[in-house]
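Fit chain B to the given chain A structure using the hints.
Protein chains: 2
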Amino acid sequence: MTSTPTVPADADPDRPERGDHPGDHPGHHPPSTGPRFDGHRGRWVGASVPRHEDPRLLTGRGRFVDDIALSGMLHAGFVRATVAHARLTGIDLTATREVEGVVAAYDAADLALGDIVAILDRPAEEFTPTAMPILAKDKVRFVGEPVALVVARDPYAVEDGIEAAQVSYDVLDAVTGEESALASDAPRVHDEAPDNVLLDVSMFDTPGVDEAFADAAVTVDVVTRSGRQNALPLETRGVVAAWDARDDQLHVATTTQVPHQVRTVLARCLDVPERTVRVTVPDMGGGFGQKCVVGREEIAAAAAAKRLDRPVKWIEDRREALTAGFLAREQRYRTRAAFDADGQITALDVDIVCDMGAYSCYPFTAGIEPLMASAEMPSVYRVPAYRVRGRALTSNKAPTAPYRGVSRPQYVVAIERVMERAARELGLDPVEVRRRNVITQFPYTGVNGVTYDPGTYRESLDLAEATMRDEGWYEERDRAAAQGRHLGIGYCCFSERTGYGSEAFAKRRMTVVPGFDISEIRMDTSGAVVVTSGTMNHGQSHETTFAQIVADRLGIDVGLVKLRQGDTERISYGWGTFASRSVTIGGSAVALASERLGELLCRIAAHLLETRPENVALDGDGGVVQLDDPTRRLSFTDIADVAHLRAHLLPKDVDPTLTATASFDVPGDGTFSNATHAVVVEADPGTGQVRILRYACVEDCGVVVHPQVVDGQCRGGIAQGIAGALFEEVTYDSHGEPSAASFIDYLVPTASEIPDVSIAHLETPCAFTANGAKGAGEGGTIGAPAAVLNAVNDALRDTGVELDSTPIHPWTVLAALEGTP
Amino acid sequence: MTSTPTVPADADPDRPERGDHPGDHPGHHPPSTGPRFDGHRGRWVGASVPRHEDPRLLTGRGRFVDDIALSGMLHAGFVRATVAHARLTGIDLTATREVEGVVAAYDAADLALGDIVAILDRPAEEFTPTAMPILAKDKVRFVGEPVALVVARDPYAVEDGIEAAQVSYDVLDAVTGEESALASDAPRVHDEAPDNVLLDVSMFDTPGVDEAFADAAVTVDVVTRSGRQNALPLETRGVVAAWDARDDQLHVATTTQVPHQVRTVLARCLDVPERTVRVTVPDMGGGFGQKCVVGREEIAAAAAAKRLDRPVKWIEDRREALTAGFLAREQRYRTRAAFDADGQITALDVDIVCDMGAYSCYPFTAGIEPLMASAEMPSVYRVPAYRVRGRALTSNKAPTAPYRGVSRPQYVVAIERVMERAARELGLDPVEVRRRNVITQFPYTGVNGVTYDPGTYRESLDLAEATMRDEGWYEERDRAAAQGRHLGIGYCCFSERTGYGSEAFAKRRMTVVPGFDISEIRMDTSGAVVVTSGTMNHGQSHETTFAQIVADRLGIDVGLVKLRQGDTERISYGWGTFASRSVTIGGSAVALASERLGELLCRIAAHLLETRPENVALDGDGGVVQLDDPTRRLSFTDIADVAHLRAHLLPKDVDPTLTATASFDVPGDGTFSNATHAVVVEADPGTGQVRILRYACVEDCGVVVHPQVVDGQCRGGIAQGIAGALFEEVTYDSHGEPSAASFIDYLVPTASEIPDVSIAHLETPCAFTANGAKGAGEGGTIGAPAAVLNAVNDALRDTGVELDSTPIHPWTVLAALEGTP
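One line per chain: the protein sequences are A and B, in this order.
According to the UniProt record's numbering, the stretch in the first sequence is residues 1 to 821, in order.
According to the UniProt record's numbering, the stretch in the second sequence is residues 1 to 821, in order.
Chain A extracted, bound-state conformation (with noise of 0.2 angstroms):
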């Protein structure tokens, strides 16, 4: 990978250089003696320490799911539709249950499980709510759906049995998109909703819109599709769930980036109370937030184990997860923008469609994707005028999770391609028409009433364009055209809201609000601390990144803090990660926790050196001194050792817990990282194939915590961001078949397809929470398509063709470059 240069935005001369840590492995550094803790950094906050999760995980040592094994456990899998749409006219499971080793088999009438509600709902007058049963009952909705649950006492069986089974159907017309889902004709899905619109809602629509196109120098109107696609996480779903009798708990050891979520919806679909239910995650390749929603398998194989009493496992396979796996990204925008003589953006009209799949998934409804798209559409531009539609449609296809980034990689693309065609419309270049308008004054009210805390929207855009330039590219550009050669710089700016607060959703209407979340950390008597979060680590190092955070306000050394993820006993709720809000929101609660378990020890101490809480602080090297007699100092183990052995030596209203709570939420708007992508392809005129030949990446997620970390996810992210723009589509012929169930058809990008990317990082502290960053997980994902889009059309500019959609196949190219010499 190419190095990291870092520019920091407040940047300290004094401050060490960053770089990997000495330190051979946690719990073994050097002592102290970086700088002192200012407010967001201290000695680890900023160093690519070590990675707590790398020693079991390097070392084979991790444990998945799948490497659960215990006595008596059964495996389960599910009988699923093989068709897409139709009425369901009987289920036999008689031969089933005959099977060798085939221990129980259920539909739906025998678990008689509640259905699947999405909670985060829109007032009733927006909003179609469609319930998921866990196993289909009148109807089947997509092909996979899964119709029977087969539990038998080992994989082989459990296959058996689902070939066993007789499933009758009375097979209807397939809704396979938009053009099928809104046909005055189209067959319903949910047959309780009026028709195949489930959410319809026109957010914006504020004066001036139609003014500003009657009085614009420039109007350009585009449509821009994104293909459906999988987030398609290395570790596929999987579920190990067994009855405790004695804690009268169902463990559900499960693949969820949301474990107290999922304790939830199986309290409400098994009608027990929430303290029946412990959730726990084990550790987790990967989630991209297909891991975000309930699934409905991991609900019916727990209620199996409830039922019979023994363990139950059911481990996804790759085929389920191509086809009956949560899905993502399928959208339509219609994007119409005004632009005056100066290349300014005087209105935008845009209507967006959604195609969601059969299902609302929890806890978020099929709204989710339009109604953020409607929110955030005018992205990093001063837009003054804006009318949105967005609607959301079901179809006979797998139901859709917000895959990272959720609708920002496709409304980015509309408003990005909004941006290139203006440029070509004005003769100017597209990074100047985006100068002119790219917001540059913070805090900025948008016309969408959303306020932008402070980032570096043109600095980013100055800074990627000055590495184009002085590397060369342009130059290179011209070489190339003059030797035939296809070769394009495509750019795209954006911002991405993350750390949503309670407010920011509150705003939304939604009546159940995911805002904050919690952290307690205890210190044990050797001073070493457990620090709890709601938020559930799949990939992203939080066991490293949260202990910089407490080390550096407590003074201690990184190896002694332990995070502690996925268990709904650990903690009274938190909501999970997802909408990049770990280190932003779950960082914060545990910032806090920290310096209320700081003050805590400096009261203790105060009190045992008999001196006033004034007079002592913690000395940034594991202790708390006297500040008037500097000789006076007690150690944390010191404090530790009376706080749980000695606790009568206390001051006599602290509890002898040594605990400390704290919870977070982001306050207004929440906070916005931004970045602009520069990147540089070349299309191959034989075979049409796009090839990167430079990526970089200029990014603002405020202090960044771990710089290895943030690279890694943002060079994860514009993997999985080229492979929309470029390889994968999940496809469906007219009756709702899937056409790309396995890897043969499904083209997931390798090492050789995806470049090599620089990032640079530019660092606004964000004000809004508690540990000054703004949230890395999402952005590389978002920024990708429309940079690699716009670079096929720099490279086809001679063509006349202008290509506006995801992914982009090699034909379509090939047939642009056809006319050309």
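These are calculated hints, taken from the structure and not from any lab test.
Remember, predicted model here, so these are calculated numbers, not experimental data.
Hints may contain errors.
Selected chain B positions facing chain A (Cβ under 8 angstroms, derived; list incomplete) [claimed, not checked]:
{"id": "1", "residue": "R61"}
{"id": "2", "residue": "A164"}
{"id": "3", "residue": "R319"}
{"id": "4", "residue": "R522"}
{"id": "5", "residue": "P651"}
{"id": "6", "residue": "D655"}
{"id": "7", "residue": "L658"}
{"id": "8", "residue": "P810"}
{"id": "9", "residue": "L814"}
Here are the simulated lysine-lysine pairs, DSS-like style, with alpha carbons at most 25 angstroms apart [claimed, not checked]:
{"id": "10", "chain 1": "B", "residue 1": "K507", "chain 2": "A", "residue 2": "K652"}
{"id": "11", "chain 1": "B", "residue 1": "K137", "chain 2": "B", "residue 2": "K306"}
{"id": "12", "chain 1": "A", "residue 1": "K306", "chain 2": "A", "residue 2": "K137"}
{"id": "13", "chain 1": "A", "residue 1": "K507", "chain 2": "B", "residue 2": "K652"}
Beta-carbon label-pair distances, calculated as ranges [to be verified]:
{"id": "14", "chain 1": "A", "residue 1": "E599", "chain 2": "B", "residue 2": "A245", "range": "47 to 53 angstroms"}
{"id": "15", "chain 1": "B", "residue 1": "D54", "chain 2": "A", "residue 2": "V171", "range": "51 to 57 angstroms"}
{"id": "16", "chain 1": "B", "residue 1": "P651", "chain 2": "A", "residue 2": "E610", "range": "56 to 62 angstroms"}
Glycine included, every Cβ here is placed at the ideal spot set by N, Cα and C.
Chain B in isolation, oriented as in the chain A frame:
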């Protein structure tokens, strides 16, 4: 069992009679119709509700440590010393390691673990600390001492491996009791100690002792001895340990009453931070104090699991339990007492010698038994002058742990024998002598500096005697005598310090003070609560009784309350269960935490109802009501729904955790339960066997939370007391070889030997605990030996023989009766 009359000291005529609750099982109780909460009792406390533990235990679904089976689990066993006292001259494990199936074999040098050092130590001038190695190092000090650890793939290979080990000894003379320990040429058990007396403390020598003896109308001088006993929980000790790479923790499931203390010791022995050790406790089949100390076997097995990175299980077999488990009770008291002519005691002069065996155990030192006896020996009597010397001896026998009652059964035998002897000398009825000396004014501060809180010392004596008289046992005794039968009536009065708080411990000059305990309570969205406590149920029904305490304070159905214990991750620290501290201290913390949660619910409700906090209150039926408009009410589920899912509606300064935490510590000298036991026995002149004809207990443990449970505790304790009085004894030969290594020789009474016991409850609510309870775990065991011994002496009253020691052997009785007709 005999029915249970109940005589509440603070009886409320409107209160419905106690008894089994009409509900059929937890969670299915009828709606509240009982009395409102009065500060100690509401609808639940005082009712024998169905036990929450029963559904799983009665259906065989309890999970005990030996039920745990992990994949890849290995089994462990110990090569144990075959001689009582020897220098280790060689340990050769070569052949062991070659046994098929043996995975590893370790001696002390291989494992290189820290020793166990008791923490509750005394000042150096009074106490000689000795370390207990995990595996014997230079010496072995009792038969059965662990010398090496063998780990193998199954228990059979373990036994073969043990068999193959070669250990060579240089045998030393054994110290087997007081005489051999104190002899001038006695071999020293611990080379580092100057002699075999580890503690020699004269805790009291008040003015006037010698004068009182000089002026006495009557003096008595009695030597009482108690045999060595085994607490003998049905479930022996055991452990399953496994390294968890994700949590970076050694997870140790073990049979302990003190999980956090096991964590502390393990961390010290392994020299790692406590956070890297997690101790959990499965269901347990009894402990009785034997499991309130930390065993070396669980440390060794856990260390092996960490080294091997594989789960390791060790289950103690019965022979190990009888010979190498923790023992108890072997004590000798010489008690001199002076009485005036009125039968008032004027002075006590006591010499106490306790044979503690080979080692001090964590957390208690070898000093615990003589120190407790020295402090509390005056018992329930007004003693104006007091001199005491207490010694703890070390010997070549298995070490001792504080078995139910600790030294109370023994010092109560001593003082109660004094009362009986004095009565004969004074020509008074023994009950009358007690009546003249018993404390009746409270609070009473004794010659020992201890302040006794209000109890029913006199009332319980009166009621017990009245029971005997009303039932005609005195006439029966006369009738029997006339028939030449040997029937006797015996009494025992005692009180028991329970709920030791940190003040009481600190007064003992202990350097580590196990005073407090902590509770945390959380409410979920269903309104159900989970309560966590640092105490550890091992048969006492905490899950039920703690739930009752919570349910009354919150005004919810007891079935909505679930207790969690036995997981060091769930609560920061807890001292565990011993010294009848669970309901008194842990239960008080639970009560306070419940009250805090109630306040939190009220605060949120007031905010949501838009009224002042003073204008709302818990309604006793799962909700909060507005006082000035009772039509306005919020159920707990309404409130919990807001706290978890709509946190933006909470008051700004309320964290969305719906969690409350409280700690509790008993102030002052703690609290005292009390009781009188009355027993009728008949001695068989043919066999010397003593048969118990009637056993009546009148007890006062403060507020009775669950009558059936208290009765069960009481009856179980009495059974163990009778066992010590008549049957059980761990014996050794002069070489220290144990001669009661199986149930052939160690005589455990069965249902045939244990009589029905009637129990009457007097209830003096305790002012020092938050729930009025005083602790009920140990009383039965404390009272039985003296009551039985006194009854036997009464039966033998015509023989001129006085029996002062336990167990009372049939041949002793036979010898006494030989001279009678």
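Outcome of the hint check:
1. The closest approach between the C-beta of B:R61 and any C-beta of chain A is roughly 4 angstroms, which is under the 8 angstroms cut-off, so the hint is satisfied.
2. With 8 angstroms as the threshold, the beta carbon of B:A164 stays out of range of chain A, its nearest partner Cβ sitting at about 30 angstroms, so the hint is violated.
3. Checking B:R319 against chain A: minimum C-beta separation of about 28 angstroms lies over 8 angstroms; hint violated.
4. For the restraint placing B:R522 at the interface with chain A, the shortest Cβ-Cβ distance is roughly 5 angstroms, inside the 8 angstroms limit, so the hint holds.
5. The restraint placing B:P651 at the interface with chain A is violated, with a minimum CB-CB distance near 13 angstroms, outside the 8 angstroms limit.
6. Interface restraint check: B:D655 against chain A, minimum CB-CB distance 4 angstroms, threshold 8 angstroms, status holds.
7. The criterion of a C-beta within 8 angstroms of any C-beta in chain A is met by B:L658, whose closest approach is roughly 6 angstroms, and the hint holds.
8. The interface hint given for B:P810 is broken, as the beta carbon of that residue sits about 43 angstroms from the closest beta carbon of chain A, more than 8 angstroms.
9. Annotation: B:L814 was flagged as interfacial toward chain A, and the flag is violated, the nearest CB pair being 49 angstroms apart, outside 8 angstroms.
10. Only pairs whose Cα atoms come within 25 angstroms are accepted, and B:K507 paired with A:K652 is accepted, the gap being roughly 18 angstroms.
11. A C-alpha spacing of about 21 angstroms is found between B:K137 and B:K306, which places the hinted pair at or below 25 angstroms, so the restraint holds.
12. The suggested pairing of A:K306 with A:K137 holds, with an alpha-carbon distance near 21 angstroms, which does not exceed 25 angstroms.
13. Of the supplied pair hints, the one linking A:K507 and B:K652 holds, its CA atoms being roughly 18 angstroms apart against a limit of 25 angstroms.
14. Separated by about 34 angstroms at the C-beta atoms, A:E599 and B:A245 break the suggested range of 47 to 53 angstroms.
15. The beta-carbon spacing between B:D54 and A:V171, approximately 53 angstroms, falls within the hinted interval of 51 to 57 angstroms.
16. Against the hinted window of 56 to 62 angstroms, the Cβ-Cβ separation of B:P651 and A:E610 comes to about 37 angstroms, which falls outside the hint.
In summary, the structure is inconsistent with hints 2, 3, 5, 8, 9, 14 and 16 from the numbered list given earlier, while agreeing with the others.
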